[in-house]
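Chain by chain, the residues run as shown.
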Amino acid sequence: MQLAAKIINAKKISNNRFELNLRIEDTVEDTTKISRSVKNREISIVRDFSSEAPEPSTGQLIVLDVAETAKARAAIMSVTEEPLPKKGEAVSAVGDFNSDGYDELHMANETTAMQLSPKRGGMLTHIAARGCEGLIDGRTMCGVGAKLPCGIYFDSAKSGFDIAKADFHFSRSNPTISRGAELQTAVSAKISGLSTKIILGLKADCPAVNFDLRISNNGKKAKSKKIHPIINFRLMPVGQHNSQVVLASPPGEELRYAKRDEIPVWAWHETWYFYVGDIRTDNSGFIIARREDTGEALLISFDPKQIIRLWHDQEGPLPQLVLFSDIKNLRKGADFSLETALCPLENFAVADGYAIGYIRSGNSCHIITAGPKPRKLVIDGEEIMLSKIGPTLYQVKLDKTPGRVEFAGNGPVLRPVGG
Amino acid sequence: MQQIENVTIGIDWEILVNSQNTGLSAGKERILQIISEAKRKLPDLEVGEDIDLLEVRLGMTSDFAELWEKSHRAFETCSKLAARKKATLVPLGYREADYNPAGGHVHAGSMQNYIDTAELHNRLLPFVPALISIASSSPSLDGRTRSQRIKMNAHHCSNPMTPMDPERSLHLWGTDVCVKYPYKPTLELRAADSQPIPAMVCEIAALYAGLASGLSRRDKPVFKSDVLQYGLNRINAARNGMRATFRMGDSEITASEIIAEYILPIAVDGLNDYGAPDGPFAIAETMVRNRISIADWVETLVPSGTDPFRAVGELTRIFSVGVDPVGWIARQKPRQAAPFIGPEDDFLEAVAIDTPIHHVYEALPLPRSYIESMAEDFEKAGKIRRRKGKRNEFRLDRTDLLQ
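Protein chains in written order, with my numbering: chain A, 1 to 419; chain B, 1001 to 1403.
Please keep in mind that the hints were generated in silico from the structure rather than gathered at the bench.
Using N, Cα and C, we set each Cβ at its ideal position, and we do this for glycine too.
Hints are not guaranteed to be accurate.
As the list claims (entries may be wrong) - Okay, derived cross-link-like pairs now, DSS-like style, lysine-lysine, Cα gap no bigger than 30 angstroms in a straight line:
1) B:Lys1028 - A:Lys6
2) A:Lys6 - B:Lys1085
3) A:Lys39 - B:Lys1086
4) B:Lys1390 - A:Lys373
As the list claims (entries may be wrong) - Part of the chain B face toward chain A, derived, beta carbon under 8 angstroms:
5) Gln1020
6) Thr1022
7) Gly1023
8) Leu1024
9) Asp1307
10) Gly1313
11) Glu1314
12) Thr1316
13) Arg1317
14) Ile1318
15) Val1321
16) Trp1328
To be verified - Chain B residues, not near chain A, derived (Cβ > 10 angstroms throughout):
17) Glu1066
18) Trp1068
19) Asp1116
20) Leu1228
21) Ala1337
Using the sequences and the hints given, assemble the complete structure.
Below you can see the structure in the form of structure tokens.
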């Protein structure tokens, strides 16, 4: 998120160039209040102004651009270093990794790195193959529209509740750093009397992060409640302003966002709502988003019996993907659970309701498949069975990168690079 | 046809209300507080909200002095009220995203006869691109266009109207006959962007109303009807603003020429009854002479490619200090007219992979038959692929994206 500041002092250096001493006042494109550790901090920048604009003076507004914000953050904030996982282990840690003044949860293994911010409704702010840039950018996930990030959507007219304003919390017993073969950690919040948890699980030898939403109606004065659970992803290549994202649907259709426009070329046309709504999620249970510039992708796997509809924003400036569960009547003492798995991929192929992708670390290569049923995989002519790692997600780990991967029978064919 | 005897003008002036803390919208809650205060301070005006914007609706004005007084009073009052709430009024089409630019809609009246209104609407159509040019203030973030009015809103005042079957056909949006003011039906121009100062709002409004009135006094339309040319001209107007070149019949004419040679004389003639003071179009004449619109001024303040949040922050800062766009326009040297451009780039931009053809219909201000013939030509040239979708509808793929 970018910073907004007020000028304390402006000094003219040359014709249109000024040195500005600024006091940070606010953040733009964020739904969370500015952190106390950032607000009122003073910074200095040099900026060129248009010769036709009035000269800057004390008390005026200055909004820092992305580069200026990064410099300002580096100057005033100490950034927690991401802990490196050792071979054969996963690691999780709590700290301020993106220098927004708030702590995040960081989880990583040899292939995957992800971060979750408990602020703004509990938001996944980053997920990527280790060493790559990623497809979810926390800065833009909490965009101007303040749409629901992740959680439960209540009828706001009745409850006046805005999930984006809900702050989740780490468990008190959550250690600062933990390492192991299989890690599970959670953030939780009490939302409209419902105990809401986002649970993240990561194994040392698996690139997929299990991302589950659990809601319990177990308060002392609990009453039956109608809820509409959703998980909302705002997809944007990290560090990019344009939406270079391609969504790949299970049948193999590509829904492409424009390179040049902030708004996808077709996004505001009403017809696309129905078109996108027609993606058949009830058989395949996954969708993939890919960066156009790096080819990096994120596979989102879900139980098609739980997710009844997949939707993405027709009007928003960012590709936004929402997984809708059915509306539930949650009785007193009842629980609800929505399970998804997120897997970063280096490359993939998709056709006929199935996907094959891969992600590498060192010499080893994880082959990932997604689809409604487990199927035998033929890797370089040899049939191999896979193990389940998510609702519709399967994997096998190989010691080398294969040349050709395909299902026995029809389906996509993948030729990993370097195979 | 029935002449407009007594010219009336109404304005719906949409204004961004930006927070002095972030440069972005002050938010619905604060905007509604400002509007609520404004309604108490300006009971004779209809200040309201329109999708995250403050909208100043002047109601019906029956002379230029009233238009001038009301628009200035409304803007000054709302500016003060906004400042109290730590917000700044930014009356421009430009936003941090290329979406929903603020407009300055003009209601020109008054007509009584529906069929004559339809006729007048059609007579005004050839001039809409030139009005888009002079009123452009919503340059795109990448600097490719001067106005977002290729498709947004302008659609409704750029298509011919027919009185042939009024019972079953819809009113075109731009013609709110018998809707807004009792007994004062008007023709609405929805293609103009918001203007930065009340004086410019008044000029654009008077220009359109004078043009409508002047055209109603003529025996024949000035230009022959050609919907395709108006569409192509609108693309040029949105792309190049006041530097645009249009095609009228077999010849080319620049935006500044069409305004100077046709619109201004007709408007001056038509405005007589409205009581415009001497030189009612001083700013417009300067804009025409220098081929400059407010979009160019915005580009100077925040060049294309500027971080969008930084840009709206800078515009908020500038408007909170005070602006003089008229002085800037007067200081500029005349700019060269841009050559006429075809719709090919816009067509290809509207096509991705698996794009239904009706999306392309919506994305371009051109007749469907022309879009279909363009699709055929592009397919022959290998730039797109046409195929049938699941519902037997045509879908288009851009071949460079397929590779």
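Evaluation of the provided hints:
{"no.": "1", "hint": "B:Lys1028 - A:Lys6", "result": "holds (23 angstroms)"}
{"no.": "2", "hint": "A:Lys6 - B:Lys1085", "result": "holds (17 angstroms)"}
{"no.": "3", "hint": "A:Lys39 - B:Lys1086", "result": "holds (18 angstroms)"}
{"no.": "4", "hint": "B:Lys1390 - A:Lys373", "result": "holds (26 angstroms)"}
{"no.": "5", "hint": "Gln1020", "result": "holds (6 angstroms)"}
{"no.": "6", "hint": "Thr1022", "result": "holds (5 angstroms)"}
{"no.": "7", "hint": "Gly1023", "result": "holds (5 angstroms)"}
{"no.": "8", "hint": "Leu1024", "result": "holds (6 angstroms)"}
{"no.": "9", "hint": "Asp1307", "result": "holds (3 angstroms)"}
{"no.": "10", "hint": "Gly1313", "result": "holds (3 angstroms)"}
{"no.": "11", "hint": "Glu1314", "result": "holds (7 angstroms)"}
{"no.": "12", "hint": "Thr1316", "result": "holds (6 angstroms)"}
{"no.": "13", "hint": "Arg1317", "result": "holds (5 angstroms)"}
{"no.": "14", "hint": "Ile1318", "result": "holds (5 angstroms)"}
{"no.": "15", "hint": "Val1321", "result": "holds (4 angstroms)"}
{"no.": "16", "hint": "Trp1328", "result": "holds (6 angstroms)"}
{"no.": "17", "hint": "Glu1066", "result": "holds (32 angstroms)"}
{"no.": "18", "hint": "Trp1068", "result": "holds (26 angstroms)"}
{"no.": "19", "hint": "Asp1116", "result": "holds (34 angstroms)"}
{"no.": "20", "hint": "Leu1228", "result": "holds (22 angstroms)"}
{"no.": "21", "hint": "Ala1337", "result": "holds (23 angstroms)"}
Comparing the model with each numbered hint stated earlier shows that all of them hold.
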